[in-house]
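Engineer: Protein sequence lines correspond, in order, to chains A and B.
Numbering-wise (my numbering), the first sequence opens with residue 7 and increments by one.
Numbering-wise (my numbering), the second sequence opens with residue 1238 and increments by one.
It cannot be assumed that every hint is accurate.
In silico DSSO-like pairs for lysine-lysine, Cα to Cα no more than 27 Å straight-line [stated by the list, open to error]:
1. A:33 / B:1244
2. A:124 / B:1244
3. B:1239 / B:1435
4. B:1440 / B:1361
5. A:330 / B:1510
6. B:1369 / A:124
7. B:1369 / A:30
8. A:81 / A:70
9. B:1361 / B:1597
10. A:33 / B:1361
11. B:1439 / B:1597
12. B:1597 / B:1245
13. B:1362 / B:1239
14. B:1369 / A:33
15. A:327 / B:1510
16. A:124 / B:1245
A partial selection of chain B residues facing chain A, derived with a Cβ cut-off under 8 Å [unchecked claim]:
17. 1384
18. 1562
19. 1585
Some, not all, of what chain B presents toward chain A, calculated at C-beta under 8 Å [unchecked claim]:
20. 1248
21. 1256
22. 1267
23. 1379
24. 1385
25. 1546
26. 1576
FYI, nobody ran anything at the bench for these hints, they're computed from the structure.
Backbone N, C-alpha and C fix where the C-beta goes; we use that ideal spot for every residue, glycine too.
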Amino acid sequence: MKNIKTRIFAAARKIGRFLLSVLKNRKGRLGVILVGIVVLAAIFGPMLTPYALDDYDIANGLAKPSAEHLLGTDKNGIDILTQILYGARISLIIGITTGLCVTLLGATLGIVSAYFGKVSAAVILNVINVLLVIPTTPLMMIMSNLSSSYLMMIAIFTLIGWCGTARMVRAQVLSIMNMNYIRAAELAGGSKNYIMFRHIMPSVSHLLIMNTALSCAGFMIAEAGLSFIGLGDPSVMSWGKILVAAQESAFTSGLWAWVLAPGVAIFITVFGFMQIGYALEEILNPKMRRKKDNRHKGATPYEAANAVFAEMTEMTADEAKALKAEFEAGGKRT
Amino acid sequence: MKGYYLKKVLSSLFVLFIIISLNFFLPRMIFSDPAQPYYAGVPEDAIALREQIREEHGFNDPLVVQYFDYLVRILTLDFGESHYYKDSVWKVMFSRIPWSMVLTVSSMVISVIIGIIFGAVAGKKRDQAADKILLGLSGITTAIPSFWLALVSVMLFAFTYQIFPYRGAMTAGYTLSMNGTLFFIVLVAVLAVFVALKYILKKTIFIFAGIPISLAAALLVSVPFADIMDVAYHAALPVMISVFSGSISYALLVRNSMIAVTNEDYILTARAKGLPPRVVLYRHTFRNALLPLITNVGMSMAGLMGGSVLMEKIFSWPGMGQLLLDACNNGDYLLSQAILLLFAVITVVCNFITDLVYHKFDPRVKEV
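Excised from the complex, chain A in its bound form:
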């Protein structure tokens, strides 16, 4: 029992340290603050606004921003700020769910295709080949005739989006598989599953975590675009939909806030997720930690080239120098 307890504590401490390191990172802090604002708005939005999405008030339609309606109203007199708060929900739901689904599916299939036999690899690679050729937006437009629910949108996004992640993971796994420590584990008699979970998963996990954050951001933009061309769920409010309505009537009446606000909302959310993604990459990727290759700094190109040659031949610089001296002395070895 005690053992489990200490292990749980250790894990919790590890997670806590990780979260703290995200907050310590400059980009991570910015991202967490921006996404936090949007998440709070999505959860508590309806409590923050005195209006609802069906508060028709046509006499007060197309109002300019005022104390009552901070961002003005639309054609039917519905408060724009309320619409944006409600829109945050669908944007976050679609972005985060799709990001997670795509990463999970892509990671699993990517690892399987790289590590479990030729048949599965051939099948998965062929599916990827087909999916990469099918033009995404047109397929999305055709498929959206099936059902206009936002669950459908998540399903289609996932169905098409996983191949990029899978390819990336596959490439990473293939490059790791030839490394000596995996060979050593195989020689030591580790089973395929053991090696996969113990050695391969940890070395691609930083890629996956970062990829989740970035693909969340990407799918939010895609969702806004699709609902802008009218393929969104008609029963929920979305930022893309606010912009469609704005295109129809805000232009002529010069209601700047109506056009600007949804875009700013999209920008804040997407930018926040991207910053978190970059921060995670900086924290988790060991290659990023060592910032620059400083080995040859200050050396002349000639010396640097010598150093690289010495590294390649596994000689120390002194040995190389001695070799050179020998060469200049007429190639006689003592």
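Take the given structure of chain A and dock chain B to it, following the hints.
Structural biologist: Frame of chain A, contents of chain B only:
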């Protein structure tokens, strides 16, 4: 090498076969009655008449028979007739493709040129001013949806300041008069000159320069100048917005690959053997750094005819994206099938050409 290309061709054919099958089954999944578009004008209760139409178009056959019928029709390039436009699908599509290309080709050519210059300047040295500006801009352009940028600029330049038009591709009531034969003759003639130049001077660059230049020359000769100016005036705003985000993404690509190439050992060798930095930068780093751009441009070639749905919707541009959107909304599935297939074929062909071209420029790549 031959075996590699044979394998590529076979896998491309397989991909196309899958897409054709998808094309066949999707409408049958989506519509409860796939014969719906054929009922134009037939009332709901004329069941006998509807049944007759179903019989006539083979919708009562077993699915397998229908499928083979469809395959045969595709192989004979018979895409049928669009129900909404009451015209052959081919005709409808080809009346739209040039309009899409006006936007996409011009914005791609401009963005690639700007992207290469900006990327080279930024990638020359890490962490200098240009590099920081590029990284900052790329963070912003990926987070801002380009359609929103388009909306804001329409409101600013077309409504508040009324500098640019925003509806359609030409002034209302105008039609483009174009001398088709002249266009074709000039296109072929100029292209032939460039191909000849390529073989005489042995520089592949002539082919790449030749395609856009011959297109431009043919358009200039065959279309009245006033019409060109009118279209350009209408295209200015959408092209500028696409260029803004497009050029930055190309620049980032060039910049990243410049930095990657700078760390290669052959650059160190070039510097160590005493070449002046300028020569190392332009002859060794820059030229090798452009390689990834080939793949990227090749991939986006397929999108050139497809156009951008969002831009075309915002600017009411009569292009392919808008056509597909309308086809989906009208349930005109013969049209949307054909468009999807056309896109897929173009993508497959472009990928194949990209592979060939890439191999030409980078002989290190053998098999993937």
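Engineer: Failing hints, ascending?
Structural biologist: 1, 6, 13
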